[in-house]
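Top line first, the protein sequences correspond to chains A and W.
Numbering follows this note's numbering, with no gaps: position 25 of the first sequence is 25.
Numbering follows this note's numbering, with no gaps: position 5 of the second sequence is 5.
A hint or two may mislead.
[Claimed, not checked] Now the stretches of chain W that chain A is said to cover, found in silico as 3 or more residues with beta-carbon under 8 Å:
#1 29 to 39
#2 153 to 161
#3 302 to 316
#4 427 to 436
#5 498 to 506
No lab work stands behind these hints, which were simulated from the structure alone.
C-beta atoms are modelled at their ideal positions from N, C-alpha and C, and glycine is treated no differently.
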Amino acid sequence: MIRNIDQMACVGCGICEMICPGDVILMDDREKARIVYAKDCWTCFSCEMTCPVKAIDVHPFRKPKPMAW
Amino acid sequence: MIETDILIVGGGFGGLWAALRAAECGGSVTLVDKSFAGKSGHSYFAGGAMMVLLPEDDLDEHVHDIVVGNEWLVDQEMVSAVFASSYARLKDLEHFGISFRKSGGQYVWTKARGTHHVKNLWPENATAADEVTLLRKAALSRGVRIVNHVYIYELAKDEQGRVCGALGIGVRESRDFFFKAKSTILATNSGSYRGHHLACELQGTGPFMAYDAGAAIKNPEFHYVNIRPAKHEIEGSGILPAVGARWKNAKGLHFMKTYDPVLQDRAPVYKIIVAAAKEALSGHAPIFIDVEGMTEEERERFHILQVSHGWMPILFQKCEREEGYHPLQTNIEWQPAYESNKLGISCDINCRTSLEGLFAAGMARTLGINSFTGWSIASCIWSGYTAGESAYHYARNTLWRHEDWAYLRERRRVFFEPLERDGDSEPDDLVYELQKTLFPADVLIIMSEIKLQEALERVIYLKREKMGCMRASTMRDLIKARETQTMVLSAEMTLRASIMRKETRENIFYREDYPNPDNAKWLKWIVVQKGSDGDIKFSTEDIPFDKYKFRPR
């Protein structure tokens with residue numbers, strides 16, 4: 001699940017906001033990317049991989065869900 | 001309002017190919033995606049394997065493999081069409097700049113799991129992400145208008161009931177959209193329940209919009225369950241056994257040796273999941289894939305295939321650094337993950353639905369039941385190309401329809417209802433209740449009438465008592481509310497149809513109380529349509545074996 005966006009490093013390019021399939025990230029009025037809906041994160045790493053300044057950190061574990069057993 | 005000859009909903013393989021083909025034929029094309037076309041949904045996260053019939057291969061052998069793998073419950077003309085066009089589409093992909101692995105001038109291929117003859121070709125970096133990204137660029141260069149971040153929630157109809165576009169809402173800003181179109185193609189996937197696997201997050205509302213508008217839906221009893229690590233992702237559950245890893249239970253027993261002595265760990269994924277569930281329900285959980293028993297050489301092979309690119313290296317590094325284990329060196333628990341429905345809009349060979357003006361592509365239409373590696377991409381590409389061409393021809397010979405504004409206003413009102421409610425249930429809570437109802441292994445994996453009925457009663461309760469008081473305070477919640485309504489409908493269809501099919505087909509459908517196939521009664525499809533009273537109407541459709549090449553003995 002998405003864990004952090006380094007606000008100092010973020011250059012406000014908006015790529016993460018544009019590509020996030022779960023619409024988890026939004027740009028704030030200071031033009032910085034903010035995690036707004038962390039619980040909806042797909043843990044797909046798209047934002048972390050695409051961020052040009054490596055400001056985004058996604059933890060590998062997903063939100064726990066009911067299991068088959 | 002946006003006017004377009006051809007409207008396409010969904011920006012994965014099916015939708016992008018539909019857009020490319022329709023634009024190539026000459027129509028004005030608009031593609032709408034609720035996220036970002038080419039980077040959302042299932043396609044972007046697919047492994048990239050694609051079934052291709054190479055010029056030297058035999059078409060009949062390929063069709064036979066797929067038909068048998070689908071336990072005869074598949075449209076054989078469709079399977080044949082997918083393979084017959086696959087080489088031409090491969091060449092198109094190469095033309096768009098996608099290169100496939102070659103060695104000594106020949107394509108590198110792997111045999112598709114569960115088949116005798118079918119070849120899977122692999123893009124250079126073994127992921128579909130680059131493919132859909134390039135398809136998006138190709139679509140833009142052909143003049144396709146792409147509208148991102150708009151959620152389509154309803155089909156528009158004229159007074160004769162013909163489809164003439166769709167209604168949508170901006171995901172980021174509360175803006176209404178009406179796309180007026182001569183032809184509409186749904187390429188939205190077929191939906192899921194947000195299970196624990198990455199690909200489960202997709203929400204395919206297309207088939208349910210089509211159902212609501214009167215279209216026939218086929219195969220509601222089937223679903224695609226995958227198996228994944230319990231806490232995080234690993235791509236390649238099919239490749240790990242292929243390079244030498246074994247499925248084991250808590251006692252360390254290599255259980256597939258008992259369940260499928262011939263194929264063992266290379267058995268179709270459905271059989272592995274049923275076997276794993278039987279082991280777990282007998283007290284032998286957790287189930288894991290024995291990476292500790294792999295040789296260094298086997299690990300290296302998997303590493304080259306799956307861990308050398310994309311997000312897998314990041315995940316592996318973080319598991320090692322922060323959680324203290326390497327997923328290829330330490331055994332971790334794996335769990336079934338309900339990945340997607342297998343139901344789809346019933347279509348003819350030209351991807352026309354039973355509603356005039358409506359076409360379907362990708363997983364939103366029926367493309368068979370068995371989720372062979374490589375079949376999804378091949379069949380989605382075929383259906384996109386075909387739907388794009390059909391929709392273009394239909395649009396060319398059609399006048400603009402006059403939308404039924406009374407109908408549209410009413411549908412819009414219904415969609416917005418949760419915003420005005422003072423209800424006490426949140427969409428996310430309802431989804432969690434559905435997950436708790438559907439995910440236990442003895443509901444939709446090891447099926448029985450008793451458990452299916454119990455789950456159905458729970459779903460009906462949620463539908464009657466909770467769905468009606470679901471509230472939304474933002475556009476985001478409103479979209480989630482619609483997705484939740486779709487999931488509840490999907491669950492009801494699935495459970496009721498699963499109760500109907502009283503038999504077992506070992507590659508696709510396991511009923512513990514009816515453990516054998518029943519060809520006399522069940523060599524047929526289940527079809528659902530919305531009844532005039534609003535309830536789901538179930539019927540069966542005979543499979544037209546008289547016009548098919550292959551018939552069961």
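Hints versus structure:
For a cut-off of 8 Å, the count of residues in the stretch 29 to 39 of chain W with a CB near a CB of chain A stands at 3, and the three-residue condition holds. Restraint check on the stretch 153 to 161 of chain W versus chain A: 0 residues with Cβ-Cβ distances below 8 Å, three needed, restraint violated. Check result for the stretch 302 to 316 of chain W against chain A: holds, 4 residues qualifying (beta carbon to beta carbon below 8 Å, three or more required). Here's how the stretch 427 to 436 of chain W fares: 4 of its residues keep a CB closer than 8 Å to some CB of chain A, so the rule of at least three is met and the hint holds.
Beta-carbon proximity to chain A at under 8 Å applies to 0 residues in the stretch 498 to 506 of chain W; the threshold of 3 is not reached and the given coverage is violated.
Hints 2 and 5 from the list above are not met by this structure, while the remaining hints are.
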